Amino acid sequence: MLKKILITGGAGFIGSAVVRHIINETPDSVLVVDKLTYAGNLASLAPVEQDDRFSFEQVDICDRQALDRLFTTYQPDAVMHLAAESHVDRSIDGPAAFIETNIVGTYTLLEAARAWWNTLNADKKSAFRFHHISTDEVYGDLHNSDDFFTETTPYAPSSPYSASKAGSDHLVRAWLRTYGLPTLVTNCSNNYGPFHFPEKLIPLTILNALAGKPLPVYGNGQQVRDWLYVEDHARALYRVVTEGVVGETYNIGGHNERKNLDVVHTVCALLEELVPKKPHGVAHYQDLITFVTDRPGHDVRYAIDAAKIERELCWRPEETFESGMRKTVQWYLENDSWWQQVLDGSYQGERLGLKG
1 MLKKILITGG AGFIGSAVVR HIINETPDSV LVVDKLTYAG NLASLAPVEQ DDRFSFEQVD
61 ICDRQALDRL FTTYQPDAVM HLAAESHVDR SIDGPAAFIE TNIVGTYTLL EAARAWWNTL
121 NADKKSAFRF HHISTDEVYG DLHNSDDFFT ETTPYAPSSP YSASKAGSDH LVRAWLRTYG
181 LPTLVTNCSN NYGPFHFPEK LIPLTILNAL AGKPLPVYGN GQQVRDWLYV EDHARALYRV
241 VTEGVVGETY NIGGHNERKN LDVVHTVCAL LEELVPKKPH GVAHYQDLIT FVTDRPGHDV
301 RYAIDAAKIE RELCWRPEET FESGMRKTVQ WYLENDSWWQ QVLDGSYQGE RLGLKG
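FYI, the numbering for the sequence shown is 1 to 356, going by the numbering used here.
Rather than coming from a laboratory, the hints here were simulated on the basis of the structure. Just to be clear, a hint being listed does not mean it is correct.
Stated by the list, open to error - Result set (DMTMM-like, lysine to aspartate or glutamate): computed pairs, CA atoms no more than 20 Å apart in a straight line: (1) Lys259 with Asp305; (2) Lys327 with Asp287; (3) Lys125 with Glu57; (4) Lys213 with Asp262; (5) Lys4 with Asp123; (6) Lys3 with Glu243; (7) Lys3 with Glu57; (8) Lys277 with Asp305; (9) Lys308 with Glu151; (10) Lys277 with Asp287; (11) Lys259 with Asp146; (12) Lys125 with Asp77; (13) Lys327 with Asp262; (14) Lys308 with Glu318; (15) Lys125 with Asp93; (16) Lys124 with Glu111; (17) Lys125 with Asp68; (18) Lys259 with Glu199; (19) Lys259 with Asp89; (20) Lys259 with Glu322; (21) Lys124 with Asp77; (22) Lys277 with Asp336; (23) Lys200 with Asp93.
The structure presented is a predicted model; accordingly, all values stated were derived computationally and were not measured.
Please put together the full structure from these sequences, using the hints given.
Now the structure itself:
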């Protein structure tokens, strides 16, 4: 049965990957709902925007009246909720936006979805899904190298960002328990890949290296993250919303634990191979590595146990860290028009710079 899926945050990094996957690989249709903050970029949807199954509405998820209109007009079979403020440094500098979008926005969307769901007949009610996409950062950090985050790991968020996502996770589960709204939750590890906003570690490293700028590394660079190629994540999310069990949580990881410093070295090595002609004065890309003051409350290690989604939904990542990183670096080298418009701000009409 063809599905109509409402995707919040669909112009963002992960959201746009989900949209491209659904339009390119499934018969379903998509309504993207995005406020188009600095991280939302319509150019990331350009590959599918001409498809008849794609539509877009610029709407803030905190706007209940607009959401009610969209549910009534579009009549979705499922919601995939990816709209969120997601940058830890920004949450430290200005937590209010994270509370507003991630908590108040999720609450508003849940209520709009519940109101719509209550109008459905029994069959459509039971088939409806509200899929909330979250992060492994809600679990805090792991100090023991043998530990992994599972779906039952207690929450211990460390930053305003992760605390706001933890709050939204709790709201989603409460709407299932209290109101019966058929919800699912996924928590993912660090994503990377095409169309990634240049403030994040991997694209920042690629673009700074190409420009001969310092490659900032927090602290000693020994923090460990599990890296998940964004297109693998998109496949997993679609599998969950179409085949997942209501009320369940699924952790999604890439089986790719790497120290931040090693990630930067990997980018440098790929650029040495792919772009041997360096900026003036640069002998080796890794010479640009610059250690900077560590982030307050910086988590030491994240690592996902993805055994449940592998076992129950038969999903595994297709990309290794090596293959995914090569694809990512090549994409940035071949798509300078996309990231140049982000760097000069022309993609949204105002100037943005890289956060170093």
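Please flag the earlier hints that this structure goes against, numbers listed from lowest up.
2, 3, 8, 15
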